[in-house]
Structure formats: C-alpha cells, structure tokens
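**Q** Put together the whole structure using the sequences plus the hints.
Residue-level listing of the chains:
There are 4 protein chains.
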Amino acid sequence: MTTETTPRVEATHGYISNKSRYLARLKRIEGQARGIHRMVDEDTYCIDILTQISALTSALENVALGLLDDHLKHCVVAAAKAGGSEAEQKINEASQAIARLVKS
Amino acid sequence: MTTETTPRVEATHGYISNKSRYLARLKRIEGQARGIHRMVDEDTYCIDILTQISALTSALENVALGLLDDHLKHCVVAAAKAGGSEAEQKINEASQAIARLVKS
Amino acid sequence: MTTETTPRVEATHGYISNKSRYLARLKRIEGQARGIHRMVDEDTYCIDILTQISALTSALENVALGLLDDHLKHCVVAAAKAGGSEAEQKINEASQAIARLVKS
Amino acid sequence: MTTETTPRVEATHGYISNKSRYLARLKRIEGQARGIHRMVDEDTYCIDILTQISALTSALENVALGLLDDHLKHCVVAAAKAGGSEAEQKINEASQAIARLVKS
Chain A
1 MTTETTPRVE ATHGYISNKS RYLARLKRIE GQARGIHRMV DEDTYCIDIL
51 TQISALTSAL ENVALGLLDD HLKHCVVAAA KAGGSEAEQK INEASQAIAR
101 LVKS
Chain B
1 MTTETTPRVE ATHGYISNKS RYLARLKRIE GQARGIHRMV DEDTYCIDIL
51 TQISALTSAL ENVALGLLDD HLKHCVVAAA KAGGSEAEQK INEASQAIAR
101 LVKS
Chain C
1 MTTETTPRVE ATHGYISNKS RYLARLKRIE GQARGIHRMV DEDTYCIDIL
51 TQISALTSAL ENVALGLLDD HLKHCVVAAA KAGGSEAEQK INEASQAIAR
101 LVKS
Chain D
1 MTTETTPRVE ATHGYISNKS RYLARLKRIE GQARGIHRMV DEDTYCIDIL
51 TQISALTSAL ENVALGLLDD HLKHCVVAAA KAGGSEAEQK INEASQAIAR
101 LVKS
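Chains A, B, C and D, in that order, are what the protein sequence lines are. Following UniProt numbering, the numbering of the first sequence begins with 1 at its first residue and continues without gaps. Following UniProt numbering, the numbering of the second sequence begins with 1 at its first residue and continues without gaps. Following UniProt numbering, the numbering of the third sequence begins with 1 at its first residue and continues without gaps. Following UniProt numbering, the numbering of the fourth sequence begins with 1 at its first residue and continues without gaps.
Pairs involving identical chains hold if they fit within one copy or between any two copies, as the list cannot separate such chains.
Calculated cross-link-like contacts (lysine to any residue; reagent style SDA-like; alpha-carbon spacing at most 20 Å):
| hint | residue 1 | residue 2 |
| --- | --- | --- |
| 1 | 73 | 21 |
| 2 | 73 | 89 |
| 3 | 19 | 52 |
| 4 | 19 | 39 |
| 5 | 19 | 69 |
| 6 | 103 | 55 |
| 7 | 19 | 35 |
| 8 | 103 | 25 |
| 9 | 27 | 39 |
| 10 | 73 | 51 |
| 11 | 19 | 66 |
| 12 | 19 | 61 |
| 13 | 27 | 66 |
| 14 | 19 | 41 |
| 15 | 19 | 51 |
| 16 | 19 | 70 |
| 17 | 19 | 43 |
| 18 | 27 | 38 |
| 19 | 103 | 47 |
Since the hints were made in silico from the structure, they are not lab data.
**A** Rendered as structure tokens:
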C-alpha cells in the first residue's frame, strides 16, 4: 500500500524530460511579445515591428514542432503498442493539431 | 519458389486504399496549375491570379495532411509495434516532413 | 477615331515585363504537380511525396510574392498617385490577397 | 526657434490612430504566451498546448496583417505620391516583410 502516492510514470507527458528547456524558450517568447507591445507603444517603425512578429511566430512554431515530436515519440508510440482504437484516436488528434499548425 | 516475385504486402504504402481519390485530387491540382499559367498568359488581373494561387496552395496542403495522416496510421504505427530504433527513426522522418509543411 | 482600338497602356497589368519568366516558372510548377501525381500512382514512399509537395508549395508562394510585389509597384502606386478612394480600395484588395497568402 | 521640439507630424507611423486597440490586442497576446508557459509548467496535455500555440500564432498574424494594411495605406501611399525612388524602396521593404510573414 505504500506505493499509492508514487507518481504514475504513464501519467507524465512526453515533453517532460525537456521541460526546463521548453519553459526557458517560452519565457523568452513572453519577453518577445512584451517587446512588440513596447514597440507599438513607442511608435517604432511598422516594418521593424513586423520583423519581430515574424521572429516570434517562428519561435512559437519551433516550440510547437518540438512538442509535437515529443508527443509522437511518447504518447502515440505508447498507444500504437497498446493497440486497439486508442492508437487511431491519438493519431486523429495529432493530425488535427498538425492541420491547425499548417493552416495557422 | 514461384512466390519470390510476388509483391510484398508490407511494401505497399499507407495511402494505397485511397489511391484513386488522391489521384483525382492531384489531377485537379494539375489543372489548377495549368489554369494559373493561362491566367498569366492572358494578362488576367493580378489579384485574381493570387486568389487562384492561394486556392491551389490550400488544395496541396490538404493532400499533404491526408497523406501524412495515412502515413502515421500505417507506417508509424507498424514501426511502433515492431519496436526498436525503427519507430524513433520513422517519427524523426515524419517530424521533419511536418516541419517542412509548417514552414512552407 | 482611329485610336479607338489602340491598346490602353493602363490596362496592362504590372507583371507584364516579366511575363515570359512567370510563364516558365508556372510551366515548371505544372510539371511538379504532374510529378506528384505520378509518385502517388507509382506508390512512392509517402515522405518523399510530402517533400515534393512542400517544394511545390514554396515555388507557388514565390510566384505569388513576385506577382504581389509587381502589383504593389505598378497598380497600387498608380492608384496612390491618382488619389481618391481608388488607392484605398486597391490597398484593401491587396491586403485581403496578402491575408489569404499568409493564412494558406 | 521654439518649434524645434514640436513633434513632426510626418514622423508618426500609419497605425497610430488604432494604437490603443493594437496595444490591447498585444496585451492579450502577452497573456496567451504566459498561459502557454503555465500549461507546460503544469504538464498540461500536449495537444491542448498545441491548440493554444496555434491560436496565439493566428492572433499574431492578424496583428501583423493589420499593421501591414495600415503601413500600405499611409507610408506607401505617401511615398508613391511623393514619387521618385522612395516609393520603390518602401515597396521593396514591404514586400520583404510580406515574404517573411508568408514563410513564417
């Protein structure tokens, strides 16, 4: 009964091993967003603001692609091994997320 | 053994079941590309050409997303079940293809 | 009046000077679309097809960006010089075309 | 000579009239970025994080498209009216910004 409070390994999500790196990247992204707000507030030249927005969009896409790769390697592979409809459902869900990324 | 030259079932790719539908969609896409060529040749108004290019790009993205979903459901799931480094390699390959789609 | 059938200079569109280059690029794009159709027909490996679709999408985007640049330099500049609501309308139209490109 | 420090009207950028709305939208965007950081920190399910990243990317794109529209309507139109190489330079600059948005 002493194992009741042991964290369940399968409950952690795929990206957990790189969590601190993702958190650092997202901290930077938050700073970029704040910087764009300041640029507009200070009437920075429009083209320079657009350059920063493109950089921020790329940074976000790279985080998304990293999370997706981790998700495929952990959740989807685990579901595929378990077999059954779970794998197909996980892949439908991943495909919809990919479609949103491609179209956004 | 006369079966040596029999096509190996596992060599067929994931999208094979919908092959005729993909071929029909790609035929239409080829026609759209030809239409854009004709529009430029006939000096069609620029904005109208851009509209057609956006429609063609969307059609291509949808084909890509469909192929990718099929690929995940067949190749990647099969590799995950087989286990070993094959699964990871397949997912790296898929992630790179997704990155190209997101960034293109 | 013998000038009635004279082509109106202002009726030609902005990209006319590079027309043969656009036509050559679009011919290649049509060939790329045909190549993707053939790849599906011949059961080429899915990831290789996705690579070709990304290449085709990029080629289309580059044509669109070129046409748009020409359009801004000719039509939009001419409308801006003429003044009035025409300039604003042309820019609304261009902005909508840009939004479709960014979101597709 | 007391007018030396008077703000030059032509130095204000095109989006100035909607500045408070842009600032509000960017404040929200900053909050969305902070929310994604928190989701990773709290081990939220990967697909849900991807959904939020797509929403944030779309919000950024819409801000960029708005700024670009304002820029075309003010800076580019003014440069076109002034004539000379300034207009072409402004459009080259805008086209490069558009290309970065389309490709990011």
